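A.B. asks: Using the sequences provided together with the hints, build the complete structure.
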Amino acid sequence: MEREGVLEYYPVEESMADIADLAGLKSWLDKRREIIIDPKRAMEFGLSFPKGVLLLGVPGCGKSLCAKAVAMEWGMPLLKLDSSNLYNKYIGESEKNFKRATKTAEKLSPVILWIDEIEKAFSSSSSNEDGGVSARIFSTFLSWLQDRRGDVFIVATANDVTKLPPEFLRKGRFDEIFFVDLPDAESRKSIFEIHLKKRGQEPNQFDLPILVEATDGFSGSEIEQVIVSGLYTAFSAKKELSNQILLDELKLTRPLSITMAERIAWLREWARERTVSAH
Numbered sequence: 000m001e002r003e004g005v006l007e008y009y010p011v012e013e014s015m016a017d018i019a020d021l022a023g024l025k026s027w028l029d030k031r032r033e034i035i036i037d038p039k040r041a042m043e044f045g046l047s048f049p050k051g052v053l054l055l056g057v058p059g060c061g062k063s064l065c066a067k068a069v070a071m072e073w074g075m076p077l078l079k080l081d082s083s084n085l086y087n088k089y090i091g092e093s094e095k096n097f098k099r100a101t102k103t104a105e106k107l108s109p110v111i112l113w114i115d116e117i118e119k120a121f122s123s124s125s126s127n128e129d130g131g132v133s134a135r136i137f138s139t140f141l142s143w144l145q146d147r148r149g150d151v152f153i154v155a156t157a158n159d160v161t162k163l164p165p166e167f168l169r170k171g172r173f174d175e176i177f178f179v180d181l182p183d184a185e186s187r188k189s190i191f192e193i194h195l196k197k198r199g200q201e202p203n204q205f206d207l208p209i210l211v212e213a214t215d216g217f218s219g220s221e222i223e224q225v226i227v228s229g230l231y232t233a234f235s236a237k238k239e240l241s242n243q244i245l246l247d248e249l250k251l252t253r254p255l256s257i258t259m260a261e262r263i264a265w266l267r268e269w270a271r272e273r274t275v276s277a278h
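If you're matching positions, the sequence shown starts at 0 in numbering that gives the first Met the number 0 and goes up one per residue.
Worth flagging that the hints you see were computed from the coordinates, not collected in a lab.
Careful: at least some of the hints might be erroneous.
Calculated pairs, DSS-like style, for lysine-lysine (alpha carbon to alpha carbon, straight line, at most 30 Å) [said to hold, decoys possible]:
1) Lys162 / Lys98
2) Lys197 / Lys162
3) Lys106 / Lys50
4) Lys106 / Lys119
Source: prediction; values computed, not measured.
C.D. replies: Take a look at the structure:
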């Protein structure tokens, strides 16, 4: 990974095959992929390079993984905007950092620009605390979204929609706003298969229906962590990973669907009329 200012160059390793479910999002992206493959025909057809997507949803459900997978599928470099390094204590430097980042992305186009947890970069609650710097950067970002030069496809993710400025969610800022929910039973089965195979385990050696039922309400990252913890337990006990070890690890895990039940219920209700399901 290399860094240039507030941008990080990410090696592209994941593909869409590493993401369970999200069929709606995958289908949408696959249609836009044709524009990348044949830009001349797309232009003659009246199509322009896509702007990007905003992925809202429950933490740990694959939003960030999607950014990496899009870059792999489309054969484009992946840049990540590091919001933690965007702000500078000196007057005017934060704005300059952002403008340098966008110009760099345009120069390297076609490129995927990944903005993880975008609410931290453009939080609507921080403008009074930082002398209006975040508000000015946000305004600059909105202008750039409309007028940017170069083929820059943005994949922005957000966990806390309440911190996003209302203007950000207006139609036209992004090509589409997707909601990523907790995985259903079929998706959880795929998640187990993906992460077990990734770690040298044979999925058919496990009772997946029992594990799927036991992980109702678990996010993809929580299931992955259960597998990792189970492997540590099996390794230290000099045993093979088993269903029982995984079930024991599950009993020690309190998923976000329990610890953040009210927030997730509110987010689902909010997203119902405002977003498109990624599933």
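A.B. asks: With reference to the structure, classify each hint as holding or not holding.
C.D. replies: Evaluated hints:
1. Note on lysine 162 and lysine 98: the hinted pairing holds, with a Cα-Cα distance of about 23 Å set against a maximum of 30 Å.
2. Proposed proximity of lysine 197 and lysine 162 is contradicted: the alpha carbons are some 36 Å apart, above 30 Å.
3. With a C-alpha separation of about 16 Å, the suggested pairing of lysine 106 with lysine 50 holds against the 30 Å cut-off.
4. Note on lysine 106 and lysine 119: the hinted pairing holds, with a Cα-Cα distance of about 25 Å set against a maximum of 30 Å.
Hint 2 from the earlier list is the only one contradicted by this structure; the remaining hints agree with it.
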